[in-house]
Amino acid sequence: MSEERAREFDVAVIGGGLLGSAIAWGLAKVGSRVVVLDEGDVAYRASRGNFALVWVQSKGMGMAAYTRWSLRSSEAWSGFADVLKQQTGIDPCYRRPGGFHLVLGEHEWEKRKQTMTRLLGQPGAPEIDCEMLDHDQLARELPGIGVEVSGASYTQVDGHCNSLKLLRALHTGMQQLGVAYRTEHLVEHIDHVGGAFRLSTQGGELRAGKVVLTAGIDNARLGAMVGLDVPVRPQRGQLIVTERVAPFLNYPITTIRQTDEGSVMLGDSQEEAGLDPTVGSGVTAVLADRAVRMFPQLGRLNVVRTWAALRVMTQDGFPIYEQSQRCPGAFVATCHSGVTLAANHALTVAPCIAKGELPADLFQTFSARRFHVSAAA
Amino acid sequence: MNTQAIRDHYDVAIVGAGPAGLAAARVCADAGLSTVVFDEQPSPGGQIYRSVTATPFKRGTILGEDYWRGAALVAAMRASGAQYVANASVWSLTRDRELGIATGGGVQLLRARRVILCTGAIERPFPIPGWTLPGVMTAGAAQILLKSSALVPQGRVVLAGCGPLLWLLAWQYLNAGRRIDALLDTTPNENRSSVLPHLAAFLFSPYFFKGLDLLRTVRSQVNVVSGVTELRATGRGKVEEVVYRCGARAEQRLQIDTLLLHQGVAPNVNLALSAGIEHRWNDAQLCFLPTLGANADTSVEGIAIAGDGAGIAGAQSAEQRGVLAGVAAARSLKSAATVTGETQARAQIARYQRGRMFLDLFYRPAKQFRIPRGDTVVCRCEEVNARQIDEIIALGCPGPNQMKAFLRCGMGPCQGRFCGLTVTEMIAEGRGLTPQQIGYYRLRPPVKPITVAEMASLPKTAADLKAVVRV
Amino acid sequence: MFQRLPDASATPVRISIEGEPFEAREGDTVAAALLAAGRDYCRTTAISGTLRAPYCMMGVCFDCLVSIDGVANRQGCLVRVREGMHVEIQRGKREVAT
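Protein chains in written order, with the working numbering: chain A, 1 to 377; chain B, 378 to 848; chain C, 849 to 946.
For the record, the hints were derived by calculation from the structure and aren't laboratory data. Cβ atoms here follow ideal geometry from the backbone N, Cα and C, with glycine treated the same way. There could be a bad hint or two in this list.
Claimed, not checked - Derived DMTMM-like pairs: lysine to aspartate or glutamate, alpha-carbon spacing no greater than 25 Å straight-line:
1. A/K85 to B/D634
2. A/K355 to A/E75
3. B/K837 to A/D229
4. B/K843 to A/E108
5. B/K837 to A/D268
6. B/K615 to C/E866
7. A/K29 to A/E357
8. B/K837 to A/E106
9. B/K843 to A/D276
10. A/K111 to A/E127
11. A/K85 to B/D590
12. A/K85 to B/E768
13. B/K843 to A/E106
To be verified - Okay, the calculated beta carbon distance ranges per label pair:
14. A/P247 to C/R930: 31 to 41 Å
15. B/R728 to A/D260: 52 to 62 Å
16. A/E205 to B/R708: 47 to 57 Å
17. A/T117 to B/E768: 42 to 52 Å
18. B/T606 to A/Q176: 36 to 46 Å
19. B/S676 to A/S200: 26 to 36 Å
20. B/G458 to A/D260: 24 to 34 Å
21. C/T898 to B/A625: 48 to 58 Å
22. B/A713 to C/T898: 51 to 61 Å
23. B/G458 to C/R930: 28 to 38 Å
Given only the sequences and the hints, what does the whole structure look like? Please build it.
Structure below.
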């Protein structure tokens, strides 16, 4: 390959996490020549800290379109996982037995029922069957739940996967499809020149017909260079991981799941802590405490590690998918549910970007302009 | 015996009860500071003076006279009035000097005005084919069994690797009447030329005569094979054979029951790194060492590191560095503190530093024993092998944290203690960069396991609750 | 696998290993006792079921995980033997109730 050609691409995807790699994979699948520009080994990397739920149940309060978007991805996930497994030999271990959201005490039970009724009653909400179970009904599905558990909400459309295997499959798959992957290529500047984009990176200069911002927190900085408003902030989440255990939990729960490897993950927290990804014993104490109240047997398990990662959060918690008016060909994709939405990103968002347009019917609701509307209102 | 309750604050908290920790504790307590020592082991002495107060040996000659120095250190620590807590693991340390402790009674948090980490060293990884087989252990493990329980291997035993500890173990076994079938010396021949500039310092160091005598004794009674360049252990379910080669010569096989490996030690960095203490790669010692100021102070205010955790320099040096760290802590809290042993400590450190470079370079393990290939296990906990790591390197993986995410290496309970250095060096070699550029695993508490229930019992604020409970 | 040197002295401590009685010595850790008892392995790994035995004896390798008095995955090298202790081989993943 000539020096010239090694620096010219159809699409430059900035950021190699779950969003970047899913979109790059999808782009390559429909024939685009793609480069993924990633940072080095120590970076914020929200994609390493997620809970691996492929979840619909709690999504979309205030935006039914987001509930629909999540459900769409959930329906496509199984096929997506199969394609990845066939292509790369890496199995994302997707299971969709349905999911529970456990509550402690009567007050939480009532609140949850109200929340779910309201959420699924929104105009435009998809048809999702949500069952409220009491303690006894729940105990039949989840033996070992604690006495404080008053019950749970359950929907069939929830599931989970192995998110690290997913990321690995996407990286392996995208490179198999010819995507160029460059690490330590932090993008310093993007110029829109002659209808295309010139990127100055730590590893040198590159040119691309289109650019897709999937750089997490850094999207704000990069977006400003290409006429995209990306108001995101970091939101810390912490989680606990135990040693491996013989299978005992057959369903994912919003805050407790047993991985395919046997370890148990306990989550989840939300803190506005700026760019500080350190763990704190107080939050993990609350996570552990709730988990033990939900499943007393968890108490004896050894904690092997804790994680903190920074979610990429918008004001309303919903994604931003946008194409730039000022610099046509520049796109941004950001969300904090990179696992759930991976199928959509690979199979819907990527082909739209390849065609050069995010259709309004699907994506208008996710434009960042919605923040200005509500600010003005 | 832990008869005293553990308080929630101290002037000085010391982690580790080896020579550095014992000496530092003595200095601080003697200076009138409230001092506590947390020791993960059941009795003081660390590893080098393991079980010195409880060893089953009555005779002083099997283990060597240096060993009994530990008894004096323990006695001095006890006399100083420092609080000693055995069977206590320190599973977290924050930048604000809050420690998380786990004892038989549960977990608790406490604060100290100064923290001195004396967590010492652990055996370097020695990733040869078969190193995970039952019957393959470290030389350090063999010493612990000897010192704590007067146990020696039955049947045929081979020692393999390089470094002073391997020879010391051989000598101790011979003293105990335990025959050694072979000592396979992997000291690289090319090290001999690199050490010449340091030879003079070594000849005048405390190590020379002692070492020479020891080597002579071992060589006269043990089949020592020098220049071993290839090594592997084989067997079904347990080790049955060690196979080795010296350069171009024919492969040799020995039937064995126990294989004891050693190629040096490296600092046990997990607690320090989890507290955010800066470390840098040291190419002579082939490991990450904390960046230290004049008084053993680290990049985190109020936290110091003394002993082998600050750089491998042996027991005598560790003791003296413990003294200096204690002195610095005492002075920083009580400017008119009465401290003893400072001048002598500095002189001794200089004395024991002489000749260290020679030992580091002479016994620097060969690359093929640090960077494995093929099916050889790299991460013992997660059973990840070299081939898998090489595949991910080829995928453009930039460093050990991405590697961890892709392969789970470093995610097991040992938290990278036995694979971290290997993974860093493999990626460095694969990418043509230095280990300093590649970095190391990101470490977080708990650096030793605690249970979910123990974690749940820790204090929680209203803000913590708010961060979690959302219905 | 490991034998006691004759000139060492210590009080006997009776424990059971996999249901069989064994006389350990005071000061032994569980891991040391297993080796003295001639046990070739102390666990089968949670991933592949491979046999493992103690490696470092100082609490950092986690290969000496065993079940002690019904509690799974304890580091045998950090626990001293006590009269009447029950030690079992750690077979693969622990059960959540152990």
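Right, here's what the structure says about each hint:
1. Between the alpha carbons of A/K85 and B/D634 the distance comes to roughly 43 Å, so the proposed pair goes past 25 Å and is violated.
2. Annotation: proposed proximity of A/K355 to A/E75 holds, straight-line Cα distance about 24 Å (limit 25 Å).
3. The suggested pairing of B/K837 with A/D229 is violated, with an alpha-carbon distance near 38 Å, which exceeds 25 Å.
4. Straight-line distance between C-alpha atoms of B/K843 and A/E108 comes to about 14 Å, which keeps the hinted pair within the 25 Å bound.
5. Proposed proximity of B/K837 and A/D268 is supported: the alpha carbons are some 15 Å apart, at most 25 Å.
6. The straight-line distance between the Cα atoms of B/K615 and C/E866 is roughly 19 Å, inside the 25 Å bound, and the hint therefore holds.
7. Restraint check: the Cα-Cα separation between A/K29 and A/E357 comes to about 17 Å, which is no more than 25 Å; the hinted pair holds.
8. Annotation: proposed proximity of B/K837 to A/E106 holds, straight-line Cα distance about 23 Å (limit 25 Å).
9. Between B/K843 and A/D276 the CA atoms are separated by roughly 18 Å; this keeps the pair inside 25 Å, and the hint holds.
10. Note on A/K111 and A/E127: the hinted pairing holds, with a Cα-Cα distance of about 21 Å set against a maximum of 25 Å.
11. For a cut-off of 25 Å, the pair hint linking A/K85 to B/D590 is broken: about 62 Å separates their Cα positions.
12. For the suggested pair A/K85 and B/E768, the alpha carbons sit about 17 Å apart, so the restraint of at most 25 Å is met.
13. A threshold of 25 Å between alpha carbons decides the hint, and for B/K843 with A/E106 the separation of about 19 Å falls inside it, so the pair holds.
14. The hinted window of 31 to 41 Å between A/P247 and C/R930 holds, with their beta carbons roughly 33 Å apart.
15. A hinted range of 52 to 62 Å holds for the C-beta pair B/R728 and A/D260, which are about 56 Å apart.
16. Separated by about 55 Å at the C-beta atoms, A/E205 and B/R708 satisfy the suggested range of 47 to 57 Å.
17. Our hint of 42 to 52 Å for A/T117 and B/E768 holds, since their Cβ atoms are close to 50 Å apart.
18. Taken as a hint, the range 36 to 46 Å holds for the pair B/T606 and A/Q176, whose Cβ atoms sit roughly 38 Å apart.
19. The hinted window of 26 to 36 Å between B/S676 and A/S200 holds, with their beta carbons roughly 32 Å apart.
20. For the pair B/G458 and A/D260, the supplied restraint of 24 to 34 Å is violated, since their beta-carbon distance comes to about 53 Å.
21. Between C/T898 and B/A625 the C-beta distance comes to about 34 Å, which lies outside the given range of 48 to 58 Å.
22. For B/A713 and C/T898, the hinted distance range of 51 to 61 Å is satisfied, since their beta carbons lie about 60 Å from each other.
23. Checked against the given bound of 28 to 38 Å, the beta carbons of B/G458 and C/R930, roughly 29 Å apart, stay inside it.
Violated hints, in rising order: 1, 3, 11, 20, 21; the structure is consistent with all others.
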